[in-house]
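There are 2 protein chains.
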Amino acid sequence: MNIKTPFLTVDGIIKIFEEDKFKGIVLIKRKNPPIGLALPGGFVEVGERVEEALIREMKEETSLDVTIERLLGVYSDPKRDPRFHTASCVFICNAKGIPKGGDDAKEAYIYKLEEIEYDLMVFDHAKILKDFLEKL
Amino acid sequence: MNIKTPFLTVDGIIKIFEEDKFKGIVLIKRKNPPIGLALPGGFVEVGERVEEALIREMKEETSLDVTIERLLGVYSDPKRDPRFHTASCVFICNAKGIPKGGDDAKEAYIYKLEEIEYDLMVFDHAKILKDFLEKL
Chain A
1483 MNIKTPFLTV DGIIKIFEED KFKGIVLIKR KNPPIGLALP GGFVEVGERV
1533 EEALIREMKE ETSLDVTIER LLGVYSDPKR DPRFHTASCV FICNAKGIPK
1583 GGDDAKEAYI YKLEEIEYDL MVFDHAKILK DFLEKL
Chain B
1483 MNIKTPFLTV DGIIKIFEED KFKGIVLIKR KNPPIGLALP GGFVEVGERV
1533 EEALIREMKE ETSLDVTIER LLGVYSDPKR DPRFHTASCV FICNAKGIPK
1583 GGDDAKEAYI YKLEEIEYDL MVFDHAKILK DFLEKL
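Residue numbers (our numbering), protein chains in the order written: chain A, 1483 to 1618; chain B, 1483 to 1618.
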């Protein structure tokens, strides 16, 4: 098999609710380069649907059990990841509880929408969040 | 690099218009196994955005210049392709003109929505078209 395609990834915009009140979204501090703030996410494994990958990665990186609301889009600019070409399926999802960093996530935080630190964000995640906020 | 993810593909639901009148969608007869009717599509190349891959593949397989309307969804069931695991970004797009089969497409046809031969379709393309028709 000599087929090469971009690596397939998933990222999640997790909306945190506390008793039906929206508290903010989850961002992680990355443990590995590129270092910075990011949406939780990771690689899709062979044999796994993108929705399954999303739920697994959110659990690994934030300890949260998420439910998927909808697909925001597929982000596939070859320069979006400085390491190699990835294409990310970005899902909007919902969860309750307090995120706890794990795996590639050194820390996980809830950010109020008006307090997101865009200048600290890596990859194209600032752009993704702006797309998300525009369609709110 | 030891990362393995599903192969990334694109498929297009091409809506053909003749002087602003909707004529039908394009299906191709595949040249290579699995043999059957399919949406035009193919692999995303490294270095290429999914939207670019879609436009390129539609041109190669149908000779049409398409404009993208929107992403319908990402279809990633590991069993959707009998050969290996693929995840497909399915786009709805528009074009004018008469499709002409090329590359993996032995023939290309315009099908009226009510005349689609679902029983001849391969992969999960019958399901994709049903999702498309449900949201029309």
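No wet-lab data here; the hints were simulated from the structure.
Quick caveat: nothing in here was measured; it's all calculated off a predicted structure.
Worth double-checking, as some hints may not be accurate.
Copies of the same chain are indistinguishable here, so a pair counts whether it falls within one copy or spans any two.
[Stated by the list, open to error] As a list, the in silico SDA-like pairs of lysine to any residue whose alpha-carbon atoms are at most 20 Å apart:
id: 1; residue 1: Lys1561; residue 2: Glu1534
id: 2; residue 1: Lys1588; residue 2: Pro1560
id: 3; residue 1: Lys1497; residue 2: Leu1618
id: 4; residue 1: Lys1594; residue 2: Pro1564
id: 5; residue 1: Lys1561; residue 2: Lys1582
id: 6; residue 1: Lys1594; residue 2: Pro1515
id: 7; residue 1: Lys1505; residue 2: Ile1485
id: 8; residue 1: Lys1561; residue 2: Val1528
id: 9; residue 1: Lys1617; residue 2: Asp1586
id: 10; residue 1: Lys1497; residue 2: Tyr1591
id: 11; residue 1: Lys1541; residue 2: Asn1514
id: 12; residue 1: Lys1609; residue 2: Arg1531
id: 13; residue 1: Lys1609; residue 2: Asp1547
id: 14; residue 1: Lys1486; residue 2: Asp1586
id: 15; residue 1: Lys1497; residue 2: Pro1560
Up to 20 Å CA-CA - Pro1560 versus Lys1588, copy category:
neither (26 Å within a copy, 31 Å between copies)
I want to check one pair: Lys1617 and Asp1586. Are their C-alpha atoms no more than 20 Å apart within a copy, between two copies, both, or neither?
Neither: 29 Å inside a copy, 38 Å across copies.
Is it within, between, both, or neither for Lys1541 and Asn1514, if the alpha carbons may be no more than 20 Å apart?
So Lys1541 and Asn1514 pass the 20 Å test inside one copy only (18 Å; across, 40 Å).
Pop the pair Lys1561 and Glu1534 into one bin, within, between, both or neither, using alpha-carbon distances up to 20 Å.
between (26 Å within a copy, 14 Å between copies)
Copy assignment of Lys1609 with Asp1547, given that the CA separation must stay at most 20 Å:
Classified as neither; 25 Å inside a copy, 28 Å across copies.
How would you classify Lys1486 and Asp1586 at a CA-CA limit of 20 Å: within, between, both, or neither?
Result: close only across copies, 17 Å inter versus 25 Å intra.
Quick one: Lys1594 to Pro1515, C-alpha cut-off 20 Å, is that within a copy, between copies, both, or neither?
neither (25 Å within a copy, 51 Å between copies)
Alpha-carbon proximity between Lys1505 and Ile1485, which holds within one copy, between copies, both or neither at 20 Å:
Classified as neither: same-chain Cα gap 44 Å, cross-chain 35 Å, threshold 20 Å.
Up to 20 Å CA-CA - Tyr1591 versus Lys1497, copy category
Answer is within; shortest intra-copy Cα gap is 12 Å, inter-copy 44 Å.
For the identical chains here, do Lys1497 and Pro1560 meet the 20 Å Cα criterion within one copy, between copies, both, or neither?
Classified as neither: same-chain Cα gap 28 Å, cross-chain 28 Å, threshold 20 Å.
Can you tell me if Lys1561 and Val1528 fall within 20 Å by alpha carbon in one copy, between copies, both or neither?
Between copies only: 11 Å across chains, 23 Å inside a chain, cut-off 20 Å.
Check Lys1497 against Leu1618 for me: Cα-Cα at most 20 Å, and say if that holds within a copy, between copies, both or neither.
within (12 Å within a copy, 29 Å between copies)
Hint compliance for this structure: hints 2, 4, 5, 6, 7, 9, 13 and 15 are broken, all remaining hints hold.
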